[in-house]
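Following the working numbering, the numbering of the first sequence begins with 1 at its first residue and continues without gaps.
By construction, these hints were calculated from the structure, which means they are not laboratory data.
Hints should not be assumed to be uniformly reliable.
Per label pair, the in silico range of CB-to-CB distance [to be verified]: (1) G164 <-> K89: 32 to 42 Å; (2) A23 <-> Q377: 16 to 26 Å; (3) D177 <-> R381: 49 to 59 Å.
All C-beta atoms, glycine included, are put in the ideal place defined by N, C-alpha and C.
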Amino acid sequence: MQQKLSLYNTLTRKKEVFEPLHAPHVGMYVCGPTVYGEPHLGHARSFVTFDVLYRYLRYNGYKVRYVRNITDVGHLENDADEGEDKIEKRAKLEHLEPMEVVQHYTNVFHQDMEKLNVLPPDIEPRASGHIIEQIQMISEILENGLAYEVNGSVYFDVQAYNKGHNYGKLSGRVIDDLLNNTRELEGQQDKRSPLDFALWKKASPAHIMRWPSPWSDGFPGWHLECSAMSRKYLGTTFDIHGGGLDLMFPHHECEIAQSQASHSHSDAARYWVHSNMITINGQKMGKSLGNFINLRELFSGSHKMLTDQYSPMTVRFFILQAHYRSPLDFSNEALQAARKGYLKLMNGLRVLDKLEYSEEGHTPDEKLNEDLQKLAQDCFRGLNDDMNTARTIASLFNLLKKINSLYLGQLPLQALTRGTFDTLQNTYKDIVQEVLGLKEESSLDTEEMLDLVLDFYKEAKETKAYDKVDSIRAELKKQGIVIKDLKSGIDWAYEE
RNA sequence: GGUAACGUGGCCGAGUGGCUAGGCUCAGCUCUGCAAAAGCUGCUACAGCGGUUCGAAUCCGCUCGUUACCUCCA
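Use the sequences and the hints to build the structure in full.
Structure follows, in structure tokens:
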């Protein structure tokens, strides 16, 4: 009854029906964060997007192996020979071991992702743990004559590669245009062409992060880890490769080149999926522009652009209310609207739980049943159409209107068939919770609520309404709270 | 300069050539002890100018404007 999931494939520039290579198994690789700074809203968008894809594939019964890496080595500060490793730069700044910095920001990243209800991947490999695999891949590319060694460093020979392959197929670049428009960067003397990129870099004496290799003590190039790790865990050809749009060129282009040039001879993934950027006042939010908003600042409301704190689920809803391939503009106002929308959706969940269907006296209204079935179908239609969560959410709100009307008796519950009722309930709940990954987050301040209850308790005691007193005690006990009548007043404690 | 997008009502944001996207805001109504919630109604837009078409926000062209990638970046 449902149509199939279509995804926009950057490689072919069109939407394609998703067919896994080895159903029911699906292999998915997503470029993870470089752990040298606080996760920000941009990270959230990418990882929430692919989290929904992961969830939806699983919802459809696929057995997904989701690999998302942690980049803890290898990203140069610039393309110059004296370029410092990003991790290392930060480490020197803070007088910490590089791996200490890596661990710290990895932890922060994990915490933030958990708050956003982003499921952990099945495998989360680290670049530093796969040096051997990367060296292996470099050897293969050298064997195939598509890389060359200079002074202990190894570079990918883009022009040689382009004779038998198409460098630029993913991002639509033309190699001659690239050559004409390359900037002059310092420290590129070793390269035969400015387009060539490093597979292995010899470490300068001061460089801490270094590993032995056949060519020098050094470190792997920026793009290699994803090629090596995706191949190790998903095979030479797998189903989906995801990442932010800004990684399309050169990162993903280089990945394809590396895969083709090694013994893999493959584009790596069959579907390349890219999520768009978050903008702020119409400009891309990015590290280089210094205009990014950390997730922590968002959650705590500490950023100067924010009037309030915005909960993780509000942020998640905000992201999901736009299609992942459109740029999404950030503003305090938009977040305000997102919060309301999110809460509205959550209230629907509660209302749905309170609805009880009874076979008695039901007089099915054919048109109403049809309408509701169609509204439910619309939710899936949106998801299947290139994961259009914006449309899905719009459909959910349409469904919610009916749910609320049923709850208030403005629409008679008896007019529904059992099947329609179940569809209504399952569709709404499943999509909101399982697929979109939105969950209730209690904003209630427990202590405050407890104080309120204790006031009632006190009042009941004073008026000697002991049945009330007993029932309050009993209810609180269910929550693991005991009331203590002290001479000094009333207090509570966790039940031990 | 090269390449690729985009320009939708007060704001955000969907949109497959013809049929109400949706959310937020605002106004009114129903309900309500007051409120809140919820429902209903209204504010009905597609940058501009041409063209194709019976019909275009949707296709084509031009103009204006904005952005992204080309350099680390989700």
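Now for the hints, and whether the structure bears them out:
1. G164 <-> K89: 32 to 42 Å: holds (38 Å)
2. A23 <-> Q377: 16 to 26 Å: holds (23 Å)
3. D177 <-> R381: 49 to 59 Å: With a Cβ separation near 40 Å, D177 and R381 fall outside 49 to 59 Å, so the hint is violated.
The structure does not agree with numbered hint 3 stated previously, though it agrees with all others.
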